[in-house]
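Asker: Input sequences plus hints: build the corresponding full structure.
For the record, the sequence lines run as chains U and Z. Counting along the first sequence from 1, when you hit position 79 you're at 79 in the numbering used here, and nothing is skipped either side. Position in the second sequence counted from 1, then plus 1000, gives you the numbering used here.
No lab work stands behind these hints, which were simulated from the structure alone. Please read all numbers here as calculations on a predicted model, not as lab measurements.
Residues from chain U that keep clear of chain Z, each with C-beta distances beyond 10 Å, as calculated:
| # | residue |
| --- | --- |
| 1 | P9 |
| 2 | E17 |
| 3 | Y52 |
| 4 | D55 |
| 5 | V58 |
| 6 | E77 |
| 7 | E80 |
| 8 | L94 |
| 9 | E95 |
| 10 | I98 |
| 11 | E103 |
Simulated DEER-style distance windows between Cβ atoms:
| # | chain 1 | residue 1 | chain 2 | residue 2 | range |
| --- | --- | --- | --- | --- | --- |
| 12 | Z | P1316 | U | S12 | 24 to 32 Å |
| 13 | U | S12 | Z | R1086 | 40 to 48 Å |
| 14 | Z | D1078 | U | G21 | 29 to 37 Å |
| 15 | U | A19 | Z | D1078 | 25 to 33 Å |
| 16 | Z | Q1023 | U | E56 | 24 to 32 Å |
| 17 | Z | G1028 | U | G32 | 13 to 21 Å |
| 18 | U | M1 | Z | R1391 | 46 to 54 Å |
| 19 | Z | R1057 | U | W76 | 29 to 37 Å |
| 20 | Z | A1083 | U | A59 | 57 to 65 Å |
| 21 | U | W76 | Z | G1365 | 26 to 34 Å |
| 22 | Z | Q1023 | U | W76 | 14 to 22 Å |
| 23 | Z | R1182 | U | A63 | 38 to 46 Å |
Glycine included, every Cβ here is placed at the ideal spot set by N, Cα and C.
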Amino acid sequence: MPKVTFIQPDGSAETVEIAEGLSVMEGAMEYGIPGILAQCGGGCSCSTCHCYVADEWVAALPAPADDESGLLEFAWEPKESSRLTCQIHITPELEGLILHVPEQQI
Amino acid sequence: MPETTIIAGAGQAGGQTAISLRQAGYEGKIILCGAEGLPPYQRPPLSKKYLGGELERARLFLRPQSFYETQEIDLRPDSEVLAVDRAARKVTLEGGEVLSYDHLVLATGSRPRSLTIPGSELADIFYLRTLLDVDAIRGRMEAGRQLVVVGGGYIGLEVAATAKQAGLDVCVLEAAPRLLGRVTAPEMSEYYLEAHRSRGVDVRVHAAVSAFSGNHAIEVVECKGSDGLDERIPADMAVVGIGVSPATDLAEKAGLSCDDGISVDEHCRTSDAHIYAVGDCTRHPNPILGRRLRLESVQNAIEQAKTAAANIVGNPLRYEQIPWFWSDQFDLKLQMAGISEGYDAVVQRGSMEADDFALFYLREGLLIAVDAVNRPREFMACRKLLPERARIEPSRLEDESIPMQEMI
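Answerer: Spelled out as structure tokens, the structure:
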């Protein structure tokens, strides 16, 4: 299973294995990664699973759809690398993916 | 002796309370008692992606089974709490076991209102609240069958949209003059009526269902139309979605203060300091809205759970949030924030014809709510604006040349 690393605002990191086909958000929930709330449960409706994708990984992900972009523009401190983790689906190519958890959601 | 928290109800609010207690560093015993025989799972997808077969069952669960073991959460999905002895601080579980608590959290949820009319005991008449309800509905949903949905609220309309997309013939019967009458403005009701009709759903308002008939299973739904004439609508199955009632009986039997919901304060504490209540079952104060209300939403379930957990570990967190909701029907993603009740003006931005618009609700010039269809920016901007009690000129709100970012 591909490994994904979540880096918290204080610099602490946790690497977890997420099964292919699941979203990064679902993996984060399974391991209880702090700071990812995912209130809507993956419906692309709330923006509370926002993370920053590490610079070297941004290009590896398909571009966000408009509903995701619209939510991200108003997320807490959005950046070019912002994504909703419920919209990132795990594939073998994402082995080693690194994400930074924001200081807060919304 | 370590302290014990018992959670009565293992839905989203109950499950989240257990999760949040451990996240907050709670070291006592946690006993999570459910009535559905399943670990906590997400309810919103039930009438959406799960009903449509787009989401596997395993992905509904909030946490894998192993989580409860590693976190030392004593999950008992088959042990409904039947009685509370407040003086002794004990609960009685289904099966008779008696357990002591230091803190009790009531997360009893809500129950579908039932329709008791002639024929309501026939087979293939369903309600939609639990995962098992949806499994039963899915088992009967086959293309070409005729589904009658009783009730034009969010659940009914989501079921109608999903079933239509699965190839069923769908008829929605709403007794009131308009769809979504309890929760939204006439403009939105009219929009959703047209949205469903244009996508092939037979929607009828002013249609009061008077009886179901059939031989063992439902065959016909009888209703009285606005013209007063009786109609007989053929049905292979029916789904009844006419609202829910808060499950307050346990709290009432225990003598806790209730008022169409278990009364709690801003810390989610009931009239007994050792007992909290969270989720659909509560009537709670909202300091931003300046009134008490009851909400049927996952945001409310999760955030009240976090509030109760924080207070149990000694952090006096208050629950104060702008309510938000969403509903997926066909290609329409509706996102709502705030409570529009009491508005005196509606401002539209975008185009209903293009299924791409937001309605802003104002009261005395203050923005109080938004309903946004395929408009995430308007929804998100309002989630930021609403707590600030923003005053925005209607002419600016409707002007598409001004980005929502500039209104914040």
